[in-house]
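Visitor: Listed below are the residues making up each chain.
Number of protein chains: 2
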Amino acid sequence: MKIKVAVLGYGNLGKGIEKEIINFPDMELVRIFTRETEEELENYINKLDVLFLCVGSATDLPKAINRWGKLFNTVDSYDNHKNMEAHLSMVKKIAETHKKTIITATGWDPGLFSIMRVLFESVLPKAKAYTFWGKGISQGHSQAIRNIEGVVDAVQYTIPKRQAVVEVKRGLQKQFSKFETHKRVCYVVVDVGDPKEQIEKEIKQIPNYFEGSDVEVNFITQKELDKKHKKLSQKGLVFIKNKNVGSAEFKLDLKSNPRFTASVMLAYARACHKMHEQKQFGVYTVFDIPIGLLVKKPSVDKL
Amino acid sequence: MKIKVAVLGYGNLGKGIEKEIINFPDMELVRIFTRETEEELENYINKLDVLFLCVGSATDLPKAINRWGKLFNTVDSYDNHKNMEAHLSMVKKIAETHKKTIITATGWDPGLFSIMRVLFESVLPKAKAYTFWGKGISQGHSQAIRNIEGVVDAVQYTIPKRQAVVEVKRGLQKQFSKFETHKRVCYVVVDVGDPKEQIEKEIKQIPNYFEGSDVEVNFITQKELDKKHKKLSQKGLVFIKNKNVGSAEFKLDLKSNPRFTASVMLAYARACHKMHEQKQFGVYTVFDIPIGLLVKKPSVDKL
Chain A
1461 MKIKVAVLGY GNLGKGIEKE IINFPDMELV RIFTRETEEE LENYINKLDV
1511 LFLCVGSATD LPKAINRWGK LFNTVDSYDN HKNMEAHLSM VKKIAETHKK
1561 TIITATGWDP GLFSIMRVLF ESVLPKAKAY TFWGKGISQG HSQAIRNIEG
1611 VVDAVQYTIP KRQAVVEVKR GLQKQFSKFE THKRVCYVVV DVGDPKEQIE
1661 KEIKQIPNYF EGSDVEVNFI TQKELDKKHK KLSQKGLVFI KNKNVGSAEF
1711 KLDLKSNPRF TASVMLAYAR ACHKMHEQKQ FGVYTVFDIP IGLLVKKPSV
1761 DKL
Chain B
1461 MKIKVAVLGY GNLGKGIEKE IINFPDMELV RIFTRETEEE LENYINKLDV
1511 LFLCVGSATD LPKAINRWGK LFNTVDSYDN HKNMEAHLSM VKKIAETHKK
1561 TIITATGWDP GLFSIMRVLF ESVLPKAKAY TFWGKGISQG HSQAIRNIEG
1611 VVDAVQYTIP KRQAVVEVKR GLQKQFSKFE THKRVCYVVV DVGDPKEQIE
1661 KEIKQIPNYF EGSDVEVNFI TQKELDKKHK KLSQKGLVFI KNKNVGSAEF
1711 KLDLKSNPRF TASVMLAYAR ACHKMHEQKQ FGVYTVFDIP IGLLVKKPSV
1761 DKL
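As you go down the protein sequences, you meet chains A and B in turn. Be aware that the first sequence starts at 1461, since it is given in my numbering, and climbs by one per residue. Be aware that the second sequence starts at 1461, since it is given in my numbering, and climbs by one per residue.
Incorrect hints may have been included.
If chains are identical, the list can't say which one is meant, so a pair holds when it fits in one copy or spans any two.
Keeping only pairs whose Cα atoms sit at most 20 Å apart, straight-line, the calculated EDC-like set for lysine to aspartate or glutamate is [claimed, not checked]: (1) Lys1715 with Glu1657; (2) Lys1586 with Asp1713; (3) Lys1629 with Asp1713; (4) Lys1552 with Asp1520.
Honestly, the hints are just simulated from the structure, not real lab data.
Whenever a hint applies, use it, and build me the whole structure from the sequences.
Guide: Put into structure tokens, the structure is as follows:
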């Protein structure tokens, strides 16, 4: 019996699951639901093992979990770090009340990078694990710019600063500021006649996202943006060093950020299904799930 | 209440636990038992939460588990890949019969590297995860040489071959031979008058360890060996690449192999204790244990 899955949301991530599921032969994609066909999910109760929630993290995802988490086991890639605690307790209540298994905040960060931070600091205590993102486009930061009035389109590259990486690799246990670790380079398309200086100022003041960061804003045309800045690649690094014992490093170099995130979600869907069969109801993150549940059956050969 | 632990075996690994436990303030080292005082462990029944088995993997460890696994929860770094399956079923029986929690084969390989192999192949299926060891001394291979008659002392460096690493990083999904992936450089001290040619031939024919490998044998004096080749550093790499989606990489650069292995065992002792409190009896490997159990309490901040 294959694991029956469906997807809600047909953006880059939903498309990623559609593409990557071929590499998960123990799963069957029953259907993809868009915003327009979402209502029809009602007809699939008891017909799905796992529902992938591939809608926007900021507002759509909480709504989707609130509605569909009562009816289906779900896997998502919620990534709003700031709101994580409230999110988890909201989802916990839903999952426990309705006896569902919900795996939230998978993907690579949160997700694999979270695993590495906790693993690294547990086996090399006294040292701190540092995370660097990029060079690559941050969807969240790009969206934050697009939300500004007068902005037609925007892309934001996160770029780790060489100096900070070098210091971390040397084993410095330093408290870096946002400004020291990453540079944020923005490409922005504005309506004709809109005041660029004003928009640049607004971008640099967006709290959480840009305030206090090293931000460069470039105004370009939509044509140039579409041509040069719609790549899906992304990179990242988690690094730890204890000078007496040693260092550990985890690096990702992604050609397609959404396809990789989709793959991670597919692997965690296996865990979701198995855990639900074991009556493990509730909300789970990558911290709670043994790696062995991500494969059909872990092989002793891999030990 | 601190987690009460003890150590059996006072070689490099046992000493590593003695050194590193200071970084695990939730644990208390009750006592270290050597071969001479091993008997006295009988007096510690119900007085320990976890016993670290730091005796030799090849023959002493199975004996120690057979005896002490019936009386204590244990954590070890068993590393005999070839015999893993039989080992696990032997230990499973002991742990289940005596309601103990036994975590076996922790450390970095098996251990963290095993986690990465399974994790990488689950999130980037279709690709194969490759492991490279070194440059560093392999204790198992060094011991295999020392077992030859006429050998007084020996050290074996495992060195990854650049060409293989380059090919793997390029994304070649190739079936490498042992000869292609690593070079094995041996420094050997022999008794005066022993036939060096004969010993070199014997080394190169040791099954599993050296047969089929690219082996270089150097004969040196004990003085030179002690001076130049008793370092505890080690390195290693797990790498995977799926050309369409991306690559993932995990790298260790250890100043002290035994101190790092000890740290990993200490982190897994937390899991061992928590799992036993939850009445999770049986044998567990790194595949079965959520990363969140390695810390006192996983923090939402790390997600």
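Visitor: All hints are to be evaluated individually against the structure, with a verdict given for each.
Guide: To see whether the hints hold, each was checked on the structure:
Taking CA atoms no more than 20 Å apart as the test, Lys1715 paired with Glu1657 passes in neither setting, with 34 Å inside one copy and 52 Å between copies. Only between protomers do Lys1586 and Asp1713 lie at most 20 Å apart by alpha-carbon distance; the minimum there is 17 Å, versus 28 Å within a single protomer. In this homomeric assembly, Lys1629 and Asp1713 come within 20 Å of each other (Cα to Cα) both inside a single copy, at 18 Å, and across copies, at 11 Å. Taking identical chains as interchangeable, the C-alpha atoms of Lys1552 and Asp1520 lie at most 20 Å apart only when both belong to the same chain, with a minimum of 18 Å there against 46 Å between chains.
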